[in-house]
Amino acid sequence: GRKSITKEEIEEHGSLLSCGYHPRIDYIRVLDTVYFS
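Residue numbers (our numbering): 1 to 37.
No lab work stands behind these hints: they were computed from the structure. Predicted model only: the values in this text are computed from it and were never measured. Each hint should be verified, as a subset may be incorrect.
To be verified - The calculated label-pair distances, taken between Cβ atoms and stated as ranges, are: (1) Gly1 <-> Arg24: 29 to 39 Å; (2) Glu9 <-> Leu31: 30 to 40 Å; (3) Glu11 <-> Phe36: 17 to 27 Å; (4) Gly1 <-> Tyr21: 32 to 42 Å.
Glycine included, every Cβ here is placed at the ideal spot set by N, Cα and C.
All chains, full assembly: derive it from the sequences and hints.
Below, the structure written as structure tokens:
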């Protein structure tokens, strides 16, 4: 089977991360977007 994620799947379901030395992931915002919108 397929073992990689397509670019289209990342664009559709991914979340943009900020750049930096230790970027923080806003889990609450991501979960809210994925599950409640």
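Going down the list of hints, with the structure as the test:
1. Gly1 <-> Arg24: 29 to 39 Å: 34 Å, holds
2. Glu9 <-> Leu31: 30 to 40 Å: Violated: the Cβ-Cβ distance is about 18 Å, outside 30 to 40 Å.
3. Glu11 <-> Phe36: 17 to 27 Å: Since the Cβ atoms of Glu11 and Phe36 sit about 20 Å apart, the hinted range of 17 to 27 Å holds.
4. Gly1 <-> Tyr21: 32 to 42 Å: Taking Cβ atoms as reference, Gly1 and Tyr21 lie about 37 Å apart, which means the hint holds.
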